[in-house]
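Enquirer: Let the hints inform the model, and build the full structure from the sequences given.
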Amino acid sequence: MLKFLYALLSNSERKTLTDEEVVSEYLRTQNNYYFEILYGRYSSKIFGKCLTILKEESLAQDATQDVMMKILLNLSKFGGKSKFSTWVYSITYNFCIDFIRKKKKDKSQYYEDVSQFEDVVDEIDDKELLEIELDRLKEIMDKIPPADKSILMMKYLDGMSIKEICVVINKTESAIKMQIKRAKLKFVKVHQKLYAA
Amino acid sequence: MEKNNFQKLEELNEAKFAESADAIKNNVSSRKGSWSLIGDLIELYVPRIFSTLIGSNESLTKNKVKELPLKDDL
Numbered sequence: 284m285l286k287f288l289y290a291l292l293s294n295s296e297r298k299t300l301t302d303e304e305v306v307s308e309y310l311r312t313q314n315n316y317y318f319e320i321l322y323g324r325y326s327s328k329i330f331g332k333c334l335t336i337l338k339e340e341s342l343a344q345d346a347t348q349d350v351m352m353k354i355l356l357n358l359s360k361f362g363g364k365s366k367f368s369t370w371v372y373s374i375t376y377n378f379c380i381d382f383i384r385k386k387k388k389d390k391s392q393y394y395e396d397v398s399q400f401e402d403v404v405d406e407i408d409d410k411e412l413l414e415i416e417l418d419r420l421k422e423i424m425d426k427i428p429p430a431d432k433s434i435l436m437m438k439y440l441d442g443m444s445i446k447e448i449c450v451v452i453n454k455t456e457s458a459i460k461m462q463i464k465r466a467k468l469k470f471v472k473v474h475q476k477l478y479a480a
Numbered sequence: 015m016e017k018n019n020f021q022k023l024e025e026l027n028e029a030k031f032a033e034s035a036d037a038i039k040n041n042v043s044s045r046k047g048s049w050s051l052i053g054d055l056i057e058l059y060v061p062r063i064f065s066t067l068i069g070s071n072e073s074l075t076k077n078k079v080k081e082l083p084l085k086d087d088l
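Residue numbers (our numbering), protein chains in the order written: chain L, 284 to 480; chain V, 15 to 88.
If you are wondering where the hints come from, they were derived from the structure by calculation, not from laboratory data.
A couple of the hints might just be wrong.
To spell it out: a stretch of chain L is covered by chain V in this simulated footprint if at least three of its residues, at any positions, have a beta carbon under 8 Å from a beta carbon of chain V; those stretches are [said to hold, decoys possible]: (1) 327 to 333; (2) 454 to 466.
Which stretches of chain V does chain L cover? Using the computed rule of at least three CB atoms under 8 Å from a CB of chain L, they are [claimed, not checked]: (3) 36 to 48; (4) 52 to 66.
Below, computed lysine-lysine pairings styled on DSSO-like, alpha-carbon distance capped at 30 Å [to be verified]: (5) L/K366 / V/K30; (6) V/K17 / L/K426; (7) L/K421 / V/K30; (8) V/K17 / L/K353; (9) V/K76 / L/K338; (10) L/K385 / V/K17; (11) L/K338 / L/K446; (12) L/K464 / L/K366; (13) L/K476 / L/K366; (14) V/K46 / L/K366; (15) V/K22 / L/K454; (16) L/K386 / L/K476; (17) L/K338 / L/K454; (18) L/K460 / L/K353; (19) L/K353 / V/K30; (20) L/K338 / L/K426; (21) V/K30 / L/K386; (22) L/K476 / V/K22; (23) L/K454 / L/K353; (24) L/K476 / L/K410; (25) L/K460 / L/K366; (26) L/K410 / L/K385; (27) L/K410 / V/K17.
The structure presented is a predicted model; accordingly, all values stated were derived computationally and were not measured.
Even for Gly, the Cβ is constructed at its ideal location relative to N, Cα and C.
Expert: See the structure below:
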């Protein structure tokens, strides 16, 4: 009975504690219970992002482990300047991009010669991008370079603001806007190559 | 609610996580354990090493001071 009550209490605590409260409790107590809360909330999301960027399940599994370790070891450096989720995702995106750079897999066949499509990009509406068929979206995301893929995910999946993306990528607002524009350009270009018929 | 296939794509990817969730959690826990063990060892022994080094350095300088010739001896 006591065990049941304890489980019930801890379940409600799991739900009510904010990420920031869990982090400060973990740092104060080093209790595994708080680590498990963070793991439960973020591990699948981290894996999902890693899989989208790295494309292979085994790589995504290893990356999830490494990202979780990185988060745990750097928890004391989380200053609360951004949302905890933004901080977690920034570690995830940067880890995946660095991983691919190291492996030198960043060679997309659609990377070069994008200038001819510049006029097309302005016509691409965000709504259109968000509603593109799932199979097509997956295929296009697999074809565009990881850095562009990541910035599109930050904007359209995580709903990050330009300022938040600036913090993640450590660039100025104008640079981020340009990078988003270029990423959309590549997205359109790949879409046209694959489906223009 | 606005349709967002980016989110749907991630949900599909997240669904694949269930198969490997436990294995990853165990690995992270064991790596976390190793790190905290290393941390504990450092916390325990590094101050001792420093205090030993400082102690031995102090005794060396005391000996050197003793070995210096006195003014009357010169």
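Enquirer: Against this structure, judge whether each hint is valid.
Expert: Consistency of the hints with the structure:
1. 327 to 333: holds (count 5)
2. 454 to 466: Check failed, 0 qualifying residues.
3. 36 to 48: Our answer is that it holds, as 8 residues pass the Cβ test (under 8 Å) against chain L, meeting three.
4. 52 to 66: This one is violated; 0 residues, fewer than the three required, reach chain L with a Cβ under 8 Å.
5. L/K366 / V/K30: holds (26 Å)
6. V/K17 / L/K426: Between V/K17 and L/K426 the Cα gap is close to 23 Å, so the pair holds against 30 Å.
7. L/K421 / V/K30: holds (15 Å)
8. V/K17 / L/K353: Outside the cut-off at roughly 33 Å; violated.
9. V/K76 / L/K338: violated (66 Å)
10. L/K385 / V/K17: It is violated: about 35 Å lies between the C-alpha atoms, which goes past 30 Å.
11. L/K338 / L/K446: holds (28 Å)
12. L/K464 / L/K366: The given pair, whose Cα atoms are some 25 Å apart, holds under the 30 Å limit.
13. L/K476 / L/K366: Violated, at about 38 Å.
14. V/K46 / L/K366: OK: V/K46 and L/K366 at ~24 Å, within 30 Å.
15. V/K22 / L/K454: With Cα atoms ~29 Å apart, V/K22 and L/K454 stay inside 30 Å; holds.
16. L/K386 / L/K476: holds (26 Å)
17. L/K338 / L/K454: Roughly 26 Å between the alpha carbons, so the hint for L/K338 and L/K454 holds.
18. L/K460 / L/K353: holds (28 Å)
19. L/K353 / V/K30: Holds, because 22 Å separates the two Cα atoms, which is no more than 30 Å.
20. L/K338 / L/K426: holds (10 Å)
21. V/K30 / L/K386: holds (24 Å)
22. L/K476 / V/K22: holds (24 Å)
23. L/K454 / L/K353: holds (22 Å)
24. L/K476 / L/K410: holds (21 Å)
25. L/K460 / L/K366: Roughly 21 Å between the alpha carbons, so the hint for L/K460 and L/K366 holds.
26. L/K410 / L/K385: With a Cα-Cα distance of about 34 Å, the restraint between L/K410 and L/K385 is violated, given a limit of 30 Å.
27. L/K410 / V/K17: Between L/K410 and V/K17 the Cα gap is close to 8 Å, so the pair holds against 30 Å.
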